[in-house]
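A.B. asks: Below, each chain spelled out in residue letters.
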Amino acid sequence: QQQVRQSPQSLTVWEGETAILNCSYEDSTFNYFPWYQQFPGEGPALLISIRSVSDKKEDGRFTIFFNKREKKLSLHITDSQPGDSATYFCAARTGGLSGKLTFGEGTQVTVIS
Amino acid sequence: DAGVTQTPRHEVAEKGQTIILKCEPVSGHNDLFWYRQTKIQGLELLSYFRSKSLMEDGGAFKDRFKAEMLNSSFSTLKIQPTEPKDSAVYLCASSLVGYEQYFGPGTRLTVL
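As you go down the protein sequences, you meet chains B and P in turn. Take the first sequence: its letters are residues 1 to 113, numbered as in this note's numbering. Take the second sequence: its letters are residues 1 to 112, numbered as in this note's numbering.
Rather than coming from a laboratory, the hints here were simulated on the basis of the structure. Remember, predicted model here, so these are calculated numbers, not experimental data. One thing to keep in mind: the hints can contain errors.
Quick list of in silico lysine to aspartate or glutamate cross-link-like pairs, EDC-like style, CA-CA up to 20 Å [claimed, not checked]:
1) Lys100(B) to Glu11(P)
2) Lys71(B) to Glu42(B)
3) Lys68(B) to Glu11(P)
4) Lys62(P) to Glu100(P)
5) Lys57(B) to Glu11(P)
6) Lys85(P) to Glu105(B)
7) Lys39(P) to Glu70(B)
8) Lys66(P) to Glu14(P)
9) Lys72(B) to Glu42(B)
10) Lys56(B) to Glu68(P)
11) Lys100(B) to Glu83(P)
12) Lys39(P) to Glu11(P)
13) Lys22(P) to Glu42(B)
14) Lys78(P) to Glu11(P)
15) Lys39(P) to Glu68(P)
16) Lys15(P) to Asp86(P)
17) Lys57(B) to Glu42(B)
18) Lys66(P) to Glu11(P)
19) Lys85(P) to Glu100(P)
20) Lys39(P) to Glu42(B)
21) Lys100(B) to Glu14(P)
22) Lys100(B) to Asp57(P)
23) Lys78(P) to Asp63(P)
24) Lys85(P) to Glu24(P)
25) Lys68(B) to Glu44(P)
26) Lys52(P) to Asp86(P)
If you want the footprint, here are the derived chain P segments under chain B, 3+ residues with CB under 8 Å [stated by the list, open to error]:
27) 20-28
28) 39-45
29) 49-56
30) 85-98
Even for Gly, the Cβ is constructed at its ideal location relative to N, Cα and C.
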């Protein structure tokens with residue numbers, strides 16, 4: 001049972017465009033949502049995260065929009081650059097003491113110039 | 001500060017062999033995670049330790065997979081015996097309680 005789902009599976013955008021990556025979840029106890037970026041041959045690295053008390057989080061060209069009612073969030077990459085070409089994972093964690101993350105399947109982004 | 005270290009980076013094994021993957025977490029981190037990553041299944045949790053105690057063992061992976069944390073700065077993942085379907089990237093991650101997970105570069109395992 002996949003508790004965190006991502007779409008699309010892959011996405012190609014032109015340099016300078018905005019890439020929009022979608023994520024949805026089922027468990028209403030999830031309250032922390034990090035996005036990880038992974039380049040080939042490397043482990044995932046934290047890109048940006050949001051807590052369920054917020055509806056938006058911005059960090060440079062990366063913005064998370066969060067809709068608690070619909071259990072959906074999205075990652076927007078504005079002014080996409082070829083260096084943003086990577087796989088992006090949405091993850092979720094419940095409150096409490098567990099550090100366990102539940103990951104989505106990932107979205108592979110390709111930025112062409 | 002050193003990040004998460006994983007060795008070896010690549011491993012090739014024959015079917016039926018025993019292999020041991022190694023991980024050194026970030027110094028001072030309490031939580032340690034082992035994941036398996038494949039294109040089809042994505043990131044799957046194999047084991048989760050907190051302060052060397054096993055918190056979760058990844059259910060379906062109990063059979064031939066055994067992770068251990070010998071001390072707070074070293075962990076191993078043993079696969080015994082290996083099967084071709086075990087070919088994947090194995091990732092180790094660590095974190096302070098309640099904070100972000102830092103991932104190592106992974107070990108790419110190929111089982112022939």
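A.B. asks: For every hint, state whether the structure bears it out.
C.D. replies: Tested hints:
1. Lys100(B) to Glu11(P): violated (27 Å)
2. Lys71(B) to Glu42(B): violated (30 Å)
3. Lys68(B) to Glu11(P): The given pair, whose Cα atoms are some 43 Å apart, is violated under the 20 Å limit.
4. Lys62(P) to Glu100(P): Not satisfied, since the Cα-Cα distance of roughly 26 Å exceeds 20 Å.
5. Lys57(B) to Glu11(P): Violated, at about 40 Å.
6. Lys85(P) to Glu105(B): Measuring from Cα to Cα gives roughly 19 Å; hence the hint holds.
7. Lys39(P) to Glu70(B): Distance ~28 Å between lysine 39(P) and glutamate 70(B) Cα, so the pair is violated.
8. Lys66(P) to Glu14(P): Holds, because 19 Å separates the two Cα atoms, which is no more than 20 Å.
9. Lys72(B) to Glu42(B): violated (28 Å)
10. Lys56(B) to Glu68(P): violated (39 Å)
11. Lys100(B) to Glu83(P): violated (27 Å)
12. Lys39(P) to Glu11(P): Holds, because 18 Å separates the two Cα atoms, which is no more than 20 Å.
13. Lys22(P) to Glu42(B): Distance ~16 Å between lysine 22(P) and glutamate 42(B) Cα, so the pair holds.
14. Lys78(P) to Glu11(P): holds (13 Å)
15. Lys39(P) to Glu68(P): violated (26 Å)
16. Lys15(P) to Asp86(P): holds (10 Å)
17. Lys57(B) to Glu42(B): violated (25 Å)
18. Lys66(P) to Glu11(P): Holds, at roughly 17 Å.
19. Lys85(P) to Glu100(P): Cα-Cα ~30 Å, so violated.
20. Lys39(P) to Glu42(B): holds (14 Å)
21. Lys100(B) to Glu14(P): violated (32 Å)
22. Lys100(B) to Asp57(P): holds (12 Å)
23. Lys78(P) to Asp63(P): This hinted pair holds, its Cα atoms lying about 11 Å apart.
24. Lys85(P) to Glu24(P): Measuring from Cα to Cα gives roughly 26 Å; hence the hint is violated.
25. Lys68(B) to Glu44(P): violated (25 Å)
26. Lys52(P) to Asp86(P): violated (25 Å)
27. 20-28: violated (count 0)
28. 39-45: holds (count 3)
29. 49-56: Coverage by chain B holds for the region 49-56 of chain P (3 residues, Cβ < 8 Å).
30. 85-98: This one holds; 5 residues, not fewer than the three required, reach chain B with a Cβ under 8 Å.
Of the numbered hints listed earlier, those contradicted by the structure are 1, 2, 3, 4, 5, 7, 9, 10, 11, 15, 17, 19, 21, 24, 25, 26 and 27.
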